[in-house]
Each structure stands twice: as C-alpha cells, then as structure tokens.
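For the record, the sequence lines run as chains A and B. Sequential numbering from 1 applies to the first sequence in our numbering. Sequential numbering from 1 applies to the second sequence in our numbering.
These aren't lab readings, by the way, just hints derived from the structure by calculation. Ideal Cβ positions, reconstructed from N, Cα and C, are used throughout, including at glycine. Worth double-checking, as some hints may not be accurate.
Stated by the list, open to error - To give a feel for the contact side, a few chain B residues facing chain A, derived at Cβ under 7 angstroms:
| # | residue |
| --- | --- |
| 1 | 1 |
| 2 | 4 |
| 3 | 10 |
| 4 | 69 |
| 5 | 107 |
| 6 | 109 |
| 7 | 298 |
Stated by the list, open to error - Simulated crosslink set (DSS-like; lysine-lysine; CA at most 25 angstroms straight-line):
| # | chain 1 | residue 1 | chain 2 | residue 2 |
| --- | --- | --- | --- | --- |
| 8 | A | 255 | A | 128 |
| 9 | A | 24 | B | 128 |
| 10 | A | 109 | B | 109 |
| 11 | A | 111 | B | 111 |
| 12 | B | 134 | B | 286 |
| 13 | A | 289 | A | 128 |
| 14 | A | 255 | A | 229 |
| 15 | B | 255 | B | 229 |
| 16 | B | 229 | B | 289 |
| 17 | A | 276 | A | 286 |
| 18 | B | 134 | B | 229 |
| 19 | B | 128 | B | 111 |
| 20 | A | 286 | A | 180 |
| 21 | B | 259 | B | 128 |
| 22 | B | 259 | A | 111 |
| 23 | A | 111 | A | 128 |
| 24 | A | 128 | B | 293 |
| 25 | B | 83 | A | 111 |
| 26 | B | 128 | B | 289 |
| 27 | A | 134 | A | 229 |
| 28 | B | 229 | B | 259 |
| 29 | B | 109 | B | 180 |
| 30 | B | 111 | A | 83 |
| 31 | A | 180 | A | 276 |
| 32 | A | 24 | B | 259 |
| 33 | A | 289 | A | 229 |
| 34 | B | 259 | A | 109 |
To be verified - Distance windows between CB atoms, simulated:
| # | chain 1 | residue 1 | chain 2 | residue 2 | range |
| --- | --- | --- | --- | --- | --- |
| 35 | B | 5 | A | 218 | 43 to 51 angstroms |
| 36 | A | 96 | B | 160 | 24 to 32 angstroms |
| 37 | A | 104 | B | 236 | 41 to 49 angstroms |
| 38 | B | 253 | A | 96 | 39 to 47 angstroms |
| 39 | A | 75 | B | 160 | 40 to 48 angstroms |
For reference, the chains in residue letters:
Protein chains: 2
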Amino acid sequence: MPHFQSDPLDERHDGAKISLPSSKIAFSTDSFVINPLFFPGGDIGKLAICGVVNDLAMCGALPTYLSVAFIIEEGLPIETLGKIVSSMAATARENHVQIVTGDTKVVEKGKGDGLYISVAGIGQIVSKSDVGPKSINPGDVIIVNGDIGRHGISVLAFREGMDFETSIESDCASLLEQVKCLLENNIEVHCMRDLTRGGLAAALGELSQQSGFNFEISEELIPISEPVKSACEIMGFDPVNVACEGRFVCFVPEKDSSKALEIMSTFSSTGFNPAKIGKVDSQTQKLVKIANKIGTQRIMEIPYGELLPRIC
Amino acid sequence: MPHFQSDPLDERHDGAKISLPSSKIAFSTDSFVINPLFFPGGDIGKLAICGVVNDLAMCGALPTYLSVAFIIEEGLPIETLGKIVSSMAATARENHVQIVTGDTKVVEKGKGDGLYISVAGIGQIVSKSDVGPKSINPGDVIIVNGDIGRHGISVLAFREGMDFETSIESDCASLLEQVKCLLENNIEVHCMRDLTRGGLAAALGELSQQSGFNFEISEELIPISEPVKSACEIMGFDPVNVACEGRFVCFVPEKDSSKALEIMSTFSSTGFNPAKIGKVDSQTQKLVKIANKIGTQRIMEIPYGELLPRIC
C-alpha cells in the first residue's frame, strides 16, 4: 500500500472507481512466475509491469490503470517483497500508469515458488487505425526493434550458474515510449507483437496464422549479439525461440518502413540494432519462411513445450 | 479458448480491444488459491468469476469484461482444468460478462497446488451516488443478505474430511442481481461489502476504520444456521470470522431499510434470512461494538493470520 499510492487505492474498497477519458480501451493480463525473482537487468516486479504495459502498447494503447495480485509463498522474506514492490512502483511511475486495485494471497510453504504476480491493465487506444493481426497486408515490412534473445539467455544462464566472458543482461524494458513515438509520427502501424515466450518464432508464427499470409524472413538480417549467439550454441537453443522482454516486431507499409526504423534506432542503446528482417507475402499458406545466407529456405515453426522454460 | 468465446478473445492479440458505454468504471482483481479445487456448492472457477463480479457489484457497478490468468501446476489433469474452465464460462454467461483476455503459465510439480486463478474485471458504474466507505453516515442501518459462514465451514469441513449430520454447502454465488435490484428500486445504498476473507468481522472492522464511525451490532440478530453454529463450536471458530462467498453487508438510511430487506428476501432461498443486524453510530472511535442477548457489549476485532485459512 505505501508503495502504490493512488486515490482509488486509498479508498480501500472492493474495487477502484475510476474515470476514462475515452471509451475505446485495451485490456490485458499476464501472470509472472519467473525463477529467479531477481536476474541480471531486472526483477519479477519490473518484468510484471513492463509486460502488461507492453501488451497494451502492442494494441496501440497508452496504459492508464493497473491491477496487481500477489500469490506469496509462506516464508518469502518481507524485504524481498519490499524490493519487488518498490521496483513495480518505480516502473509504473516511469510509464505514467497508476496501480489502483490489488489482492494478496499467501499459500503454504511448498505450494508456490516465492512469489507469483498477476497484473491486469487498462489502456486508452490512441492509434487512429486498428492495430492487430487482421490489419497485416501483403507487402508490409517486418521490423524488429533490437537484437533478440537477451532476456531468456540471461535468465537461463543465471539460473544454471553459467558464467560467460561477457555478461548478458535481460532486455526487460518498457516499449511504451517507442510505440508512442511511432504513432505520434503518423507511422501507419498495421500490427505489433512483443517477443515474449517462444521469442521471434512464436510471434511470427502466430501472426502468420492470424493474418492468413506467409512471411518471408532473412536469417542474416535478424539482429543477435555475439554473446547471445555463443550462449545459444553452448546451451542448445535456437535464438529465434528465446524470449525477449523488450523487443517487438512491427508491421508497416514499405513507404513508412525507413522512418519507422529511424525512430526505433533513437531508442536503441549501442549495439541493439533495430532491423528490417523480412516482409509479408501475398501467399496464404500461413507459413513463416526463413532463408539463410546461401538462400536455402526452411519453415520457422512455433516452439512448444520444453522449448518454453519458465522465464517470465 | 473454446469455452471462453468472445470476439476480442478470438482476435488472439496481446490484449483485447473493447468499447465501454460510459467512462465511469470500476476495476477490481482477485487471485484464487482455494484448496480443494472442488467443494460442496462450487469450485474454484465459479468462485473466481463470482468473486470479481461481486467486488464490482459492491462498487455499484455491472461487470462488463473480465480477464483470466491461470497458473497451472505440472500434472493437473486436463479434464480437471476443462471442468473448471467450463464452470467459469457458465458463471460468466449467467452474469452477462465477457471473458476477453487471458494468460496461462505452467509451473513445475511442487511449485503450485494444482491451479491458481487470477481474475480482473471492469464494470460500468450504474449507482447514481457514490457507493463506498466514505458515503457511510451515522444512523445508517446495516443489513446482511443472509446467514453467514457457510462457505468457510463447508470448505474446511470438506478438507478435513469432517462429516456432519446436515451437510453444509458453500454460499458461493453472484450478488449481481440483488445489487442491481436494490439500485433499480432507488434504494439509497451508501456502501456494500462482501463478506469474504475474515468474514463479517473483517468487513465491519475495515468499514468502521474507513468510514470513521462506530458501528453497533446485535449478536442475536446475526443470521447463522444451526449446522454452521455447531460446526463452528466443534472446530473452534467464531462464525463472524468465517468467510462467505455470497453474502454482503449493505448500509442504507433508515427510511430505505425495510424496502431493502424486502428486496434481499426475494433472493434468499428458505432459511437464508437476510437481517438488519445493527446501525452506524455518530461516535468516531472507529470501533465495532457487538452486544449479546443480555446486553453485554464487546469489541469485534478484525481477524488476522491463522484465522484466515486458504478458503478463497
């Protein structure tokens, strides 16, 4: 309560009574079960707020209100909870979003894993046209806003106690400012999707299914940092399947693609390298085709099961 | 997905894009960690939907959209999940509320307890005046809509394998229709609160704190069924601390109290006995005073810790 100050929360009623400036909203939810709770580049609290803020941003919406629900395992030190809640409050402030309602449950030792957090968010839709899979058109350019795989590799390496020469930090970050900037500059954004569980392969595979079109991707254009590439080789992962928490793909018409890339570049720290990685084809088999350097094409599949470790 | 059919969900985007008929909304969330998942009179799915629908109703709002997030422990049989999800869908339909967005996470065996569900809900505020703790006035009559303690006792008895002569069923139910009926009949509802964790004592204790006034309660007016009374004696519980999931207290001015009671009675099955149990005093020590049959007064305390078992 002291961390999440807001008027609706202060009333301490069964729910928050709030006003929205417009009736067109986006509504999204995610549960966060990441282990460990703290990882290089973030913690479950920052991840939880960024995760829902990003889901709303992907709908062309600015987040306005959040709810948070905690499932705490008996024995979680109160300072650990304090650190996480403080990180949530800071991340919410940075994203100009209020935490207005919440819930706390405690389960017995052995019935949880320290802490699980569920967040739901309401956002105001500000995009002029509909941003979603159904707006994807043949000819659209597919842009990714930076190098992929940092989050998943950083968490897995940290969990397994692996030590690489170059430390890999999670890409966990809010995408709100980038998305706002794209929309404010009248980029005709057809669709956006953040690369969380299942990474680039899952996002593209699902969007191809949902839009009804094939996508053509060039493997060599996908930005991947050297440390992530090496770690993936050692750990046996394909980087396209590895989760990110601050990366998204954006579908824009050819005419806007260079300007969109330029805008995304202004948000990238050195080496993040946003890139055009492919385009939407007019064929309708709903396949994601990926071509390597020598031109050989294969199908990029949506990863399932064991390929989706608990990293969010 | 097949159970929760709705257009926004069908789009399968990162969030649901929805429209609200008005800008005054209520927003609430709860996590449900009840053990066992099925209990006499309900299951975790029905409980989760009713819980959030009731929280919104307590704000004077009609629920319009829900989000659901599942944390599933590895090994939960898919039929069990199916039964619960089907119960959620049915309860949502009964309450005219759409499930528009969601999330599913799986945690390793031993890191959960079968299934945890987090639900968040958006509702349209329909009450003309503000319904909340700050609207409580001295002189308000306090009404409870039925006999207390069924949910907690039913779950605890079932969990402990206790067998009573008369079986006790949970009171788990939606309060939406009752609340709608009170508001449509122009009952001047000042505040409502459902009697979940901590039961009547927690609800009254918190509302007394939040409103700033003392409450005067008559113990003999509190409706408690004989089976619940006996079970409480055997198990060592005070019924006023036991959770309900279909009971609420309602604060109305004297002039509307009989009509409110009459309306609540139409929603009660035989023996539920809604009742006026006390009134708001003008004194401001923020105490809930409870008088027994022979007139002795004691303070009703908000229960903590061990008195709050995992029954929701």
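So, going through the hints one by one against the coordinates:
1. 1: 13 angstroms, violated
2. 4: With Cβ-Cβ at 13 angstroms, over 7 angstroms, it is violated.
3. 10: 10 angstroms, violated
4. 69: Holds: closest Cβ of chain A sits about 4 angstroms from residue 69 (chain B), inside 7 angstroms.
5. 107: The hint holds - residue 107 (chain B) has a Cβ within 7 angstroms of chain A, the shortest such distance being about 5 angstroms.
6. 109: Hint on residue 109 (chain B): violated, closest Cβ of chain A at ~11 angstroms, above 7 angstroms.
7. 298: Cβ of residue 298 (chain B) sits 25 angstroms from chain A, so the hint is violated.
8. A:255 / A:128: 18 angstroms, holds
9. A:24 / B:128: Holds. Residue 24 (chain A) to residue 128 (chain B) sits at ~23 angstroms (cutoff 25 angstroms).
10. A:109 / B:109: 14 angstroms, holds
11. A:111 / B:111: 5 angstroms, holds
12. B:134 / B:286: Distance of about 13 angstroms is within 25 angstroms: holds.
13. A:289 / A:128: The given pair, whose Cα atoms are some 31 angstroms apart, is violated under the 25 angstroms limit.
14. A:255 / A:229: Distance of about 32 angstroms is beyond 25 angstroms: violated.
15. B:255 / B:229: Violated: residue 255 (chain B) and residue 229 (chain B) sit about 32 angstroms apart, past 25 angstroms.
16. B:229 / B:289: 21 angstroms, holds
17. A:276 / A:286: Measuring from Cα to Cα gives roughly 20 angstroms; hence the hint holds.
18. B:134 / B:229: 33 angstroms, violated
19. B:128 / B:111: Not OK: residue 128 (chain B) and residue 111 (chain B) at ~46 angstroms, beyond 25 angstroms, violated.
20. A:286 / A:180: 30 angstroms, violated
21. B:259 / B:128: Between residue 259 (chain B) and residue 128 (chain B) the Cα gap is close to 18 angstroms, so the pair holds against 25 angstroms.
22. B:259 / A:111: 47 angstroms, violated
23. A:111 / A:128: Violated - the C-alpha atoms of residue 128 (chain A) and residue 111 (chain A) are around 46 angstroms apart, more than 25 angstroms.
24. A:128 / B:293: Violated. Residue 128 (chain A) to residue 293 (chain B) sits at ~66 angstroms, over the 25 angstroms cutoff.
25. B:83 / A:111: This hinted pair holds, its Cα atoms lying about 22 angstroms apart.
26. B:128 / B:289: 31 angstroms, violated
27. A:134 / A:229: Roughly 33 angstroms between the alpha carbons, so the hint for residue 134 (chain A) and residue 229 (chain A) is violated.
28. B:229 / B:259: Violated. Residue 229 (chain B) to residue 259 (chain B) sits at ~29 angstroms, over the 25 angstroms cutoff.
29. B:109 / B:180: Violated, because 43 angstroms separates the two Cα atoms, which is more than 25 angstroms.
30. B:111 / A:83: Within the cut-off at roughly 22 angstroms; holds.
31. A:180 / A:276: Given pair residue 180 (chain A), residue 276 (chain A) holds - Cα atoms ~20 angstroms apart, limit 25 angstroms.
32. A:24 / B:259: 38 angstroms, violated
33. A:289 / A:229: 21 angstroms, holds
34. B:259 / A:109: 48 angstroms, violated
35. B:5 / A:218: 43 to 51 angstroms: 38 angstroms, violated
36. A:96 / B:160: 24 to 32 angstroms: 49 angstroms, violated
37. A:104 / B:236: 41 to 49 angstroms: Once the Cβ atoms are compared, 25 angstroms apart, the range 41 to 49 angstroms for residue 236 (chain B) and residue 104 (chain A) is violated.
38. B:253 / A:96: 39 to 47 angstroms: With a Cβ separation near 40 angstroms, residue 253 (chain B) and residue 96 (chain A) satisfy 39 to 47 angstroms, so the hint holds.
39. A:75 / B:160: 40 to 48 angstroms: 24 angstroms, violated
In this structure, the hints that do not hold are numbers 1, 2, 3, 6, 7, 13, 14, 15, 18, 19, 20, 22, 23, 24, 26, 27, 28, 29, 32, 34, 35, 36, 37, 39, in rising order.
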